[in-house]
Each structure stands twice: as C-alpha cells, then as structure tokens.
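Since chain D is already given, all that's left is putting chain W with the ligands on it; use the hints.
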Amino acid sequence: MKKKKWPEAWHEVNPGCIVFAPANAREYHTGSWKAQRPIWDDSKCIKCGICYIFCPEGCVTQQEDGTFRADLDYCKGCGICAHECWPGAITMIEEG
Amino acid sequence: MAKRVGMEVAIAAAEAVGMCDIDVAAVYPITPQSHIAEHLSEIVADGRTDAEFVTVESEHSAISCVAGASGTGARVYTATSSQGLMLMHEILPIVSAMRLPVVMGIANRAVSGPLNILNDHSDIMPQRDNGWIAMFTENGQETVDLTIQSFKIAEHPDVMLPCCVNIDGFQLTHMVEPIEFPDQKLVNKFLPPRKPYATLHPDKPVSMGTFAMSDIFPEVMKAKDEALKNSKKIILGIWDEWEKMFGRRYRPVETYCADDADVILLTMGSMGETAEIGINELRKKGISAGLVKLRLWRPFPFEELKQAVKKAKILVVTDRAVSFGGPGGPVASEVRAALYGEKERPLIYNQIIGLGGRDMAVSDFVAMVEDAVKSGEKGIIKDYEFYGVRG
Ligand code: SF4
Ligand code: SF4
Numbered sequence: 004m005k006k007k008k009w010p011e012a013w014h015e016v017n018p019g020c021i022v023f024a025p026a027n028a029r030e031y032h033t034g035s036w037k038a039q040r041p042i043w044d045d046s047k048c049i050k051c052g053i054c055y056i057f058c059p060e061g062c063v064t065q066q067e068d069g070t071f072r073a074d075l076d077y078c079k080g081c082g083i084c085a086h087e088c089w090p091g092a093i094t095m096i097e098e099g
Numbered sequence: 243m244a245k246r247v248g249m250e251v252a253i254a255a256a257e258a259v260g261m262c263d264i265d266v267a268a269v270y271p272i273t274p275q276s277h278i279a280e281h282l283s284e285i286v287a288d289g290r291t292d293a294e295f296v297t298v299e300s301e302h303s304a305i306s307c308v309a310g311a312s313g314t315g316a317r318v319y320t321a322t323s324s325q326g327l328m329l330m331h332e333i334l335p336i337v338s339a340m341r342l343p344v345v346m347g348i349a350n351r352a353v354s355g356p357l358n359i360l361n362d363h364s365d366i367m368p369q370r371d372n373g374w375i376a377m378f379t380e381n382g383q384e385t386v387d388l389t390i391q392s393f394k395i396a397e398h399p400d401v402m403l404p405c406c407v408n409i410d411g412f413q414l415t416h417m418v419e420p421i422e423f424p425d426q427k428l429v430n431k432f433l434p435p436r437k438p439y440a441t442l443h444p445d446k447p448v449s450m451g452t453f454a455m456s457d458i459f460p461e462v463m464k465a466k467d468e469a470l471k472n473s474k475k476i477i478l479g480i481w482d483e484w485e486k487m488f489g490r491r492y493r494p495v496e497t498y499c500a501d502d503a504d505v506i507l508l509t510m511g512s513m514g515e516t517a518e519i520g521i522n523e524l525r526k527k528g529i530s531a532g533l534v535k536l537r538l539w540r541p542f543p544f545e546e547l548k549q550a551v552k553k554a555k556i557l558v559v560t561d562r563a564v565s566f567g568g569p570g571g572p573v574a575s576e577v578r579a580a581l582y583g584e585k586e587r588p589l590i591y592n593q594i595i596g597l598g599g600r601d602m603a604v605s606d607f608v609a610m611v612e613d614a615v616k617s618g619e620k621g622i623i624k625d626y627e628f629y630g631v632r633g
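Protein chains in written order, with the numbering used here: chain D, 4 to 99; chain W, 243 to 633.
Isolated chain D (complex conformation) (with noise of 0.2 Å):
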C-alpha cells in the first residue's frame, strides 16, 4: 500500500495536528509553490556564500567547486538570493 503524505480523512488527523516522525518538513516540497527558479552564472560568482545564507528556504548549497545551486524540489522562487547577490550571479527566469 502507498504510505498516505498525510491524512486524507478528518479522522485520520492526529489531535492537536502532531507530528509524530521527526524531521518530516522535507517530505513537504515548497518547491511546487515557485513561480520563478534562479539561475547561477558560475563566472560572476564570487563566493561569498552570501545566497546560502539568505535563502529563506535553506535550499541553496555549494557545489565541489565552491559555486552554489538551488534545490528545486524546496526553492519557492522568492527571488531574494538573487536580490542579495551583489555581483549580479543570480537571475530570476520564469517557471514553465
């Protein structure tokens, strides 16, 4: 049988809403909110590090070669990576 995401009936939710399993937040992909998705340009980026630490999401990682990228199953398209990376690496394209 497939494990449910979450309950479907009223019934089937637990009191209170608890969550029982730890760490679950990543069974739940903001992803799917985006309407937007960054794009890295590699030669503009400076390696501050600076997207990593302000994506809201938690999302944004750095790669072997010390450049950084999303992950889009978690981003939520909010633009403030690109909006906080002062050299200009980051652009907003639209989803689709």
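Be a bit skeptical, because a hint or two may be false.
Unchecked claim - Partner residues aside, some chain W positions facing chain D, computed with beta carbon under 8 Å: (1) Y439; (2) S449; (3) A454.
By construction, these hints were calculated from the structure, which means they are not laboratory data.
Every residue, glycine too, gets a C-beta built ideally from N, C-alpha and C.
What follows is chain W with the ligands alone, placed relative to chain D:
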C-alpha cells in the same frame, strides 16, 4: 459530610485549584485580575501545592505560558477577566487546535468602553467560537465543583480540549458564601495525575503547532468541531461520577418548575438564583412560570434545551451581552437556532439584562415574564430589548 465554610467565591476557586495537583499556573497579576490569582499565589508560596507560579507581563503571555507548559504534559491553570481575556483572544483558538487541556477561571466582567469592570458576559461572548469547553457557575459551591471537574474533563483522552469556568465577576467572585469542600483524598481519587497524549521530550521528538495549508486545514477544523461536540458525552459521564462521589448533580441544562410551565425564563450564570425566587413569586400570582438554566455553553446542549422548553408557549431568554447590529444577545440567537427546526416552538422574547453590573432584582424577573405574557397574548413579537434602559 464535609465541613461547610464561609468563603469569598474567588478565594474558594483558588482553593479548588489548590486541590487539583497542578504543575504550572501563569497569570498576569494586576488588573483585570481577581482574587483567584492572588490567593493561588499564596497557596503555591505556602507550599500547599507543588506548582510553578509564573507571573508574566500580560495575559497574552499568561495563556501562551500555560499552553507551552501543557505541551510538556503539565497540568495547568490560569485565570483572567474582561480586557485580560480579550488580550488572550489571539491564543485561545491555538490552544484548542493544539488540543491542550488548559483550565481557565474567568471572572466575567464587562469589556471597555466605557471603562466599567463590573459583571456581564461581554468578555466571554467574543471567545465563543474559539473551540473551548465553556461552563457557567451559579454560586460558590458550583464554582468549586466545576473547577475541579474541569481538569478531568479537559484532560480526558477523548476530549483533550481547554475548558473555561465562567464565574460572574463581583456578583459571585466577591461574595462570601457557604461552601463545602470535597475531601482531598476523594479529589485525588476522582482526579488522578494527567496522562498526556504527547509531551515535549527530547527522547521522543514530536512537532506541535504545525503548519497546515488548504489541503488539510478543513479536515483539521472538522476534527476540532467533532472533538468539541463529542466532549458532551464525556462531560455527562464525569458529572455522573461526581454525583456518585460527592452527591451534587450537574446537567448541561437545569430546570426549576419548568416541566408544566407555559412561560419559561432562561438564564446563564449567577442570575439564575434571583430568577428562581422570581419564579416562586410568579407561581404565587397564578402564572405558570418556570426557569431553565444553561450551564454548558460550549458544546451547546441542543437536545437538552429542546426537551426543557418543548411544552412552553413563551420563552424569555436573558442575555448579559449584546451582538451589536445583530439579532440581540448571543444566547438568544443560539436558542433561536436550536429551536428553528422544531414544529412547535415557543415565542421567544430576548431581554438584554445586567450590562456593566446593573442590578437585577426579583421584581425585574417577575416584570419581564409578565411583560412577555402580555405581549404574547396580544401577538406582539419583539426581537430583543435592553431591559430597564431609560428613555
Ligand atoms: S551571493 Fe552571488 S556571488 Fe555570492 S556565492 Fe551566491 S551566487 Fe556567488
Ligand atoms: S529563490 Fe528564494 S528559495 Fe529559491 S534559492 Fe533563492 S532564496 Fe532560496
């Protein structure tokens, strides 16, 4: 039989809490507070109960503090009144949605403005739809009994909802009444330690107060409504148990001379006692009058109310608060909704009484009933009136 003592009702409420083995009480210690908090702090300071007494900087913090403590599995209590309850408003639906069995004593007082502080129900009525169990007491003895029962009701595994005990401010909280305290050993038997459904413990991590978007939120709301409706059954059972152990009987709707009455008066809270004397006077005058008293406000006792008034031709519903620009008082609108589907239902006259502590004498209840009978005979329907207002 337990000994009777003369005691101020607010002090008695604190004494009752002191018998319930609470772990945490949080209150905002200055106005609008009652002697409940003050005396409870003395009980804790004297070591008569082993609890943490937290004096916080506002009622918003008081309710937040007990909610957090309740989440850890503690038995908790808070008390407030009037503006303090209004300040708690934001947190109240969160407490019920998180199914935390917080117990709160409310010394019902008018909300500003104008600034008033005296008794009416304008503080509790805006909290009606917050998902709390709400009961009203009529005297000191009921205040003690319902306070102790509230912990058992709130913490019951099939309930797990916050519960407030409404005690008319001044009219009750500041009166000295004869009160019989139950035996502590029996209270311990009636109210064993809380067995929480979940606690905040690092070894067993849980998330409380989680996020829920439109894909699950309506299911959560339905679950909360069902839990509150279902609590009536548990409340009835706990009242039966109380009756067996302590001899006093409680029902969601209580009646006095109402079985054969043509005209019924409905009250909620301390005015029921004065109204009872009014019914005696009316009966002496040959008017077939009776009284229905609403003890349980949430969950609303629809069936019990229908039964209690089914033979009456006229029902005079008293309200201690106003739904401004609406149908009159909140109790009357609930009663009307409850009876709307009935084939035969009484004419309903809504009287808004005792606002901001305005005294209601026996003669006022007599006059209200006589007026309703006269209006009924002439076929005059009045939606609602502000009883005794000059002009
Ligand atoms: S903020 Fe811009 S420059 Fe700094 S690491 Fe991120 S992409 Fe590179
Ligand atoms: S758009 Fe927002 S969510 Fe996505 S990576 Fe940038 S900061 Fe993070």
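Quick rundown of the hints versus the structure:
1. Y439: holds (6 Å)
2. S449: holds (4 Å)
3. A454: holds (6 Å)
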